[in-house]
Amino acid sequence: MRDSIVNGVPTSKVDALSIRPFFVCLVLLLGTWVAVFFQGLITAIDIWLISDIFNHCLFVLPGSIFLIYLKRHELSLKHFKPNYFVLFLCLGSLTLYAIGLAGDVQLFMHVATFTFLPLSVWAFIGNQLALKILFPLVFILFCIPVGEELIPAMQEVTADLSMVMLNWSGIPVYRSGLYIEIPQGRFLVAEACSGISFFIASLVIGSLYAYLNISSTKRRIIFMLISIAFPIIANGIRVFGIILTGYLTDMEHAVGADHLIYGWVFFSLVIVCLLGIGEMVREKHPQVQGLQPELASDRWKTDKSFYPSLMCILVLMIAYSAWFRLITAQLNQSSATTHLTLSLTEGADQANYSSNWKPEFIEPAQEFHYSRMILNTPIDVYVAWYPLGYGELITSGNRLYTEKSWSLKSNSNLQLGSEQNIRISTIVNHSSKRLLSSWYLIDGKMFTNNKIAKLYETYQILMGNHVGSALIAISKQTKNVSSEQEKTEFQGILKQSIIELNQAIEIR
1 MRDSIVNGVP
11 TSKVDALSIR
21 PFFVCLVLLL
31 GTWVAVFFQG
41 LITAIDIWLI
51 SDIFNHCLFV
61 LPGSIFLIYL
71 KRHELSLKHF
81 KPNYFVLFLC
91 LGSLTLYAIG
101 LAGDVQLFMH
111 VATFTFLPLS
121 VWAFIGNQLA
131 LKILFPLVFI
141 LFCIPVGEEL
151 IPAMQEVTAD
161 LSMVMLNWSG
171 IPVYRSGLYI
181 EIPQGRFLVA
191 EACSGISFFI
201 ASLVIGSLYA
211 YLNISSTKRR
221 IIFMLISIAF
231 PIIANGIRVF
241 GIILTGYLTD
251 MEHAVGADHL
261 IYGWVFFSLV
271 IVCLLGIGEM
281 VREKHPQVQG
291 LQPELASDRW
301 KTDKSFYPSL
311 MCILVLMIAY
321 SAWFRLITAQ
331 LNQSSATTHL
341 TLSLTEGADQ
351 ANYSSNWKPE
361 FIEPAQEFHY
371 SRMILNTPID
381 VYVAWYPLGY
391 GELITSGNRL
401 YTEKSWSLKS
411 NSNLQLGSEQ
421 NIRISTIVNH
431 SSKRLLSSWY
441 LIDGKMFTNN
451 KIAKLYETYQ
461 ILMGNHVGSA
471 LIAISKQTKN
481 VSSEQEKTEF
491 QGILKQSIIE
501 LNQAIEIR
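In case it helps, my numbering puts the sequence shown at residues 1 to 508.
For the record, the hints were derived by calculation from the structure and aren't laboratory data.
Any given hint might turn out to be false.
[Unchecked claim] Straight-line C-alpha distance at most 25 Å; calculated BS3-like pairs for lysine-lysine:
#1 K433 / K445
#2 K409 / K487
#3 K495 / K409
#4 K358 / K451
[Claimed, not checked] Distance windows between CB atoms, simulated:
#5 N449 / L70: 22 to 32 Å
#6 L70 / S268: 21 to 31 Å
#7 I318 / Q496: 49 to 59 Å
#8 N465 / S431: 45 to 55 Å
#9 T402 / L225: 32 to 42 Å
Backbone N, C-alpha and C define an ideal beta-carbon position, used for all residues, glycine too.
All chains should be built: construct the whole structure from the sequences, respecting the hints.
Shown next as structure tokens:
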């Protein structure tokens with residue numbers, strides 16, 4: 001079909017000339033976003049590539065762009081009207097990024113990075129155009145690699161569901177923490193068995209399917225609820241099936257490579273079933289809303305300037321990027337020459353330490369691990385020290401016990417004064433049980449809550465007062481006495497340990 005002529009110029013050329021400034025502004029906006037949030041982007045991409053849980057994030061941004069492309073016939077620059085009030089939300093994202101950068105909280109950085117992009121587009125194009133592409137803009141949030149925090153809870157739910165099914169089946173079973181024992185052997189509901197991959201993938205695919213194939217808001221909500229519940233229940237069935245297979249085959253199958261193969265096959269089955277449910281939920285004869293035909297040359301015509309709103313957003317990003325550079329410069333001024341010393345020579349035995357409990361912390365500047373007598377009881381002590389610029393202490397990668405060796409059985413709290421509670425955890429393995437507790441020292445101030453400790457550490461960095469952070473953990477192997485008696489004894493030991501260890505730590 002030939003182009004029509006407008007003032008002696010083909011409409012295709014008119015379209016290109018009309019829309020070129022708009023796309024130039026979008027490219028400038030996107031390029032500046034990449035430059036300002038570069039560290040947040042790089043750390044997010046690293047997680048996308050390394051973690052199987054978040055591999056899907058690699059396709060979210062291209063997917064969002066494609067979804068916007070599908071909406072191109074409904075977009076018109078006649079409705080271009082920047083919303084400058086959204087800039088206040090953009091300020092919030094930029095401030096959150098600064099906090100994440102200072103405290104090395106990657107979650108904050110990622111949330112800020114992938115909320116600022118849709119917010120800035122909204123501010124630039126205005127409410128009417130943003131409403132047309134609302135789902136593609138919200139879909140960008142799936143770029144945030146978040147969800148690993150749900151793993152412990154999902155491990156518990158999976159273990160609970162599998163225990164219910166095992167009891168229904170009549171298989172003799174005993175559960176200790178995340179360990180499930182049958183006469184033929186022992187199973188651990190590990191992180192890989194939590195079903196977090198099923199859950200996140202189902203949520204992403206379910207939301208995309210609902211947007212593309214379901215018109216009714218009510219049906220979309222129903223399908224999204226199914227997308228949340230179905231993978232959780234399905235994963236419980238998967239774990240039950242693995243244990244049942246081990247029971248019926250005398251542990252000949254459902255372990256090792258077989259276990260992984262069953263997982264991938266079941267994952268594929270879950271997605272196929274979810275799409276099948278979607279076919280049942282969606283409208284059989286969806287109503288197609290007719291669009292008022294409009295010439296492309298008319299859609300892209302506007303007498304409004306794109307540059308004022310663009311300049312506001314760019315100035316905002318550039319101003320904050322200067323602050324980001326100051327924070328980064330401060331963090332790069334390493335305090336690795338600052339050392340932590342423990343004046344606990346009496347009663348400490350580090351050379352002969354032989355406990356089977358050892359925390360896993362990522363490259364601390366200093367690490368102490370020894371046994372000590374407290375209240376005539378042998379106690380294992382662990383201390384990790386991270387000076388400014390050396391690494392991150394409070395992170396999910398640092399763990400108080402190795403998951404391969406230990407499983408969490410229960411938690412309880414001990415009141416310390418009127419303001420703080422400290423957690424006491426009971427961890428178990430196939431042969432022993434231990435009580436465990438820990439606390440933080442941030443620039444000499446004690447914290448028992450990791451979130452409050454992280455916020456205080458970030459505040460100290462922003463104020464330029466941070467020197468370093470330490471974790472102190474103590475553990476005791478339990479005896480064959482009642483749990484309440486063990487906890488009562490450990491509480492007394494813990495109170496004494498806090499006094500002695502906090503006084504013994506010196507920063508030089």
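message: A range of 32 to 42 Å was offered for this pair. Does it hold for the Cβ distance of T402 and L225?
response: holds (37 Å)
CB-CB spacing for L70 and N449 relative to the 22 to 32 Å hint: violated (46 Å)
- request: Mind checking the alpha carbons of K495 and K409 for me, to see if they're no more than 25 Å apart?
  value: holds (22 Å)
field: Consistency of beta-carbon spacing, S431 to N465, with hint 45 to 55 Å
entry: The hint (45 to 55 Å, Cβ to Cβ) holds, given that N465 and S431 are roughly 46 Å apart.
message: K409 and K487 were given as a pair; does the straight-line alpha-carbon distance stay at or below 25 Å?
response: Distance ~14 Å between K409 and K487 Cα, so the pair holds.
Verdict for L70, S268 (Cβ pair) under range 21 to 31 Å: Holds: the Cβ-Cβ distance is about 27 Å, inside 21 to 31 Å.
- prompt: Between I318 and Q496, is the Cβ distance one that fits in 49 to 59 Å?
  reply: holds (54 Å)
message: Between the alpha carbons of K358 and K451, is the straight-line distance 25 Å or under?
response: holds (23 Å)
message: Between the alpha carbons of K433 and K445, is the straight-line distance 25 Å or under?
response: violated (31 Å)
In terms of the numbered hints stated before, the structure departs from hints 1, 5, listed from lowest to highest.
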